[in-house]
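Undergrad: In numbering that gives the first Met the number 0, the protein residues as written are 0 to 259.
By construction, these hints were calculated from the structure, which means they are not laboratory data.
Cβ atoms here follow ideal geometry from the backbone N, Cα and C, with glycine treated the same way.
Don't take each hint at face value.
Unchecked claim - List of simulated lysine-lysine pairs, DSS-like, C-alpha gap at most 27 Å:
#1 Lys56 - Lys221
#2 Lys55 - Lys248
#3 Lys138 - Lys229
#4 Lys82 - Lys94
#5 Lys221 - Lys94
#6 Lys55 - Lys220
#7 Lys220 - Lys138
#8 Lys47 - Lys220
#9 Lys47 - Lys94
#10 Lys138 - Lys154
#11 Lys55 - Lys82
#12 Lys55 - Lys94
#13 Lys82 - Lys68
#14 Lys82 - Lys56
#15 Lys248 - Lys154
#16 Lys68 - Lys55
#17 Lys220 - Lys154
#18 Lys47 - Lys253
#19 Lys56 - Lys94
#20 Lys221 - Lys55
#21 Lys229 - Lys154
#22 Lys220 - Lys94
#23 Lys220 - Lys56
#24 Lys68 - Lys56
#25 Lys68 - Lys94
#26 Lys221 - Lys138
#27 Lys221 - Lys47
Unchecked claim - Distance windows between CB atoms, simulated:
#28 Asp139 - Glu252: 38 to 46 Å
#29 Ala112 - Gln90: 31 to 39 Å
#30 Thr28 - Pro254: 26 to 34 Å
#31 Arg12 - Thr39: 19 to 27 Å
#32 Asp105 - Asn46: 21 to 29 Å
#33 Val228 - Asp86: 45 to 53 Å
#34 Lys229 - Ser250: 27 to 35 Å
#35 Leu89 - Cys161: 37 to 45 Å
#36 Lys56 - Arg12: 41 to 49 Å
#37 His255 - Glu63: 40 to 48 Å
#38 Thr27 - Leu98: 31 to 39 Å
#39 Met67 - His8: 54 to 62 Å
#40 His8 - Lys55: 47 to 55 Å
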Amino acid sequence: MNDETGVPHPLYRVDLVVEGRAHLYDVTTQDGTVRYPGVTGFLSVINKPALVPWAKKEALSLVESAIMKRLDGRPTARIVLNKAWVDAVLQEARKRPDLLKDQAADLGTRAHAFIDLIIHGREPEAVPPEIEAPVNAFKDWWRRSGIELVMGDTKVASRIHCFGGSLDALGRRGGRYMILDWKTGSGIYPEYALQTAAYAQAFTETYGLPCQDAVIVRFGKKPPIEFEVKELANVETSLLAFLAAKDLKQSLEKPHFIEW
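Using the sequences provided together with the hints, build the complete structure.
TA: Shown next as structure tokens:
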């Protein structure tokens with residue numbers, strides 16, 4: 000059901016609940032409230048082959064920088080290293096990948112929030128310099144896309160499959176609704192298709208409206224202004240893959256051995 004502005008009304012209420020790093024969703028109907036896990040938590044079961052090499056590279060880069068700092072710009076020099084210094088450098092190197100991931104996530108969160116303000120017609124006059132590139136990339140994409148943005152950040156949930164999620168935007172093209180998901184990372188990966196397909200299912204249940212299309216748009220974090228767009232080939236197929244990942248994640252959390 001839609002109002003006069005074209006914005007659909009939900010059939011039930013969905014609220015985000017943050018517990019530590021976990022995103023949970025409270026679904027409230029006339030029968031009460033039930034809590035579901037979030038979509039992205041299930042996708043953690045999927046192997047990310049690019050992540051380990053990246054983490055190694057960043058950790059070793061920090062070790063190299065620490066040693067070069069000791070050399071103080073000299074190509075060769077006799078330097079003294081002790082165990083305490085080595086331990087401190089290695090400890091910092093171990094933390095570096097997680098620190099960089101958190102920094103990237105924080106930048107992505109701020110860019111998402113600013114883009115949401117634009118969608119709702121409340122764009123501030125000044126764009127913070129650190130998110131200027133992705134925000135301008137979003138504007139460039141939107142201008143070229145021909146897609147009507149109906150809603151911004153929206154909480155949805157599937158009561159059939161027991162999960163919740165936050166879709167970045169709902170679009171409309173040729174009379175058809177589509178899920179839009181913003182990314183600010185270095186690429187668009189297969190698990191993103193599973194994520195947006197899950198959002199499409201949750202939207203259909205939450206709003207009682209069909210949604211067969213889903214698009215992922217990646218905005219570059221640094222100049223030059225760039226964006227990358229990929230549309231799901233088959234939302235239903237990607238949803239089945241998501242449900243398989245969900246089943247695997249839940250199965251692995253159950254006991255599979257008998258103690259001797």
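Undergrad: So, for every hint listed, does it hold in this structure?
TA: Hints and how they fare:
1. Lys56 - Lys221: Roughly 21 Å separates the two Cα atoms, so the pair holds.
2. Lys55 - Lys248: holds (26 Å)
3. Lys138 - Lys229: With a Cα-Cα distance of about 17 Å, the restraint between Lys138 and Lys229 holds, given a limit of 27 Å.
4. Lys82 - Lys94: Holds: Lys82 and Lys94 sit about 18 Å apart, inside 27 Å.
5. Lys221 - Lys94: holds (24 Å)
6. Lys55 - Lys220: Judged against 27 Å, a Cα distance of about 22 Å means the pair holds.
7. Lys220 - Lys138: holds (14 Å)
8. Lys47 - Lys220: Measuring from Cα to Cα gives roughly 21 Å; hence the hint holds.
9. Lys47 - Lys94: holds (19 Å)
10. Lys138 - Lys154: holds (23 Å)
11. Lys55 - Lys82: holds (22 Å)
12. Lys55 - Lys94: holds (11 Å)
13. Lys82 - Lys68: Within the cut-off at roughly 17 Å; holds.
14. Lys82 - Lys56: Distance of about 23 Å is within 27 Å: holds.
15. Lys248 - Lys154: Holds, at roughly 22 Å.
16. Lys68 - Lys55: Answer holds: Lys68 to Lys55 is near 20 Å, not above 27 Å.
17. Lys220 - Lys154: Distance ~25 Å between Lys220 and Lys154 Cα, so the pair holds.
18. Lys47 - Lys253: Answer holds: Lys47 to Lys253 is near 23 Å, not above 27 Å.
19. Lys56 - Lys94: holds (13 Å)
20. Lys221 - Lys55: holds (23 Å)
21. Lys229 - Lys154: holds (22 Å)
22. Lys220 - Lys94: Within the cut-off at roughly 23 Å; holds.
23. Lys220 - Lys56: Holds. Lys220 to Lys56 sits at ~20 Å (cutoff 27 Å).
24. Lys68 - Lys56: holds (18 Å)
25. Lys68 - Lys94: holds (19 Å)
26. Lys221 - Lys138: holds (15 Å)
27. Lys221 - Lys47: Satisfied, since the Cα-Cα distance of roughly 24 Å is no more than 27 Å.
28. Asp139 - Glu252: 38 to 46 Å: Once the Cβ atoms are compared, 43 Å apart, the range 38 to 46 Å for Glu252 and Asp139 holds.
29. Ala112 - Gln90: 31 to 39 Å: About 33 Å separates the Cβ atoms of Ala112 and Gln90, which means 31 to 39 Å holds.
30. Thr28 - Pro254: 26 to 34 Å: Between Thr28 and Pro254, where Cβ atoms are some 33 Å apart, the hint holds.
31. Arg12 - Thr39: 19 to 27 Å: holds (21 Å)
32. Asp105 - Asn46: 21 to 29 Å: holds (25 Å)
33. Val228 - Asp86: 45 to 53 Å: Once the Cβ atoms are compared, 46 Å apart, the range 45 to 53 Å for Asp86 and Val228 holds.
34. Lys229 - Ser250: 27 to 35 Å: holds (29 Å)
35. Leu89 - Cys161: 37 to 45 Å: Distance hint for Leu89, Cys161 holds at roughly 43 Å.
36. Lys56 - Arg12: 41 to 49 Å: The hinted range 41 to 49 Å holds for Lys56 and Arg12, with Cβ atoms some 45 Å apart.
37. His255 - Glu63: 40 to 48 Å: About 42 Å separates the Cβ atoms of His255 and Glu63, which means 40 to 48 Å holds.
38. Thr27 - Leu98: 31 to 39 Å: Holds, since Thr27 and Leu98 (Cβ atoms, about 37 Å apart) stay within the stated range.
39. Met67 - His8: 54 to 62 Å: holds (60 Å)
40. His8 - Lys55: 47 to 55 Å: holds (49 Å)
The structure meets every hint from the earlier list without exception.
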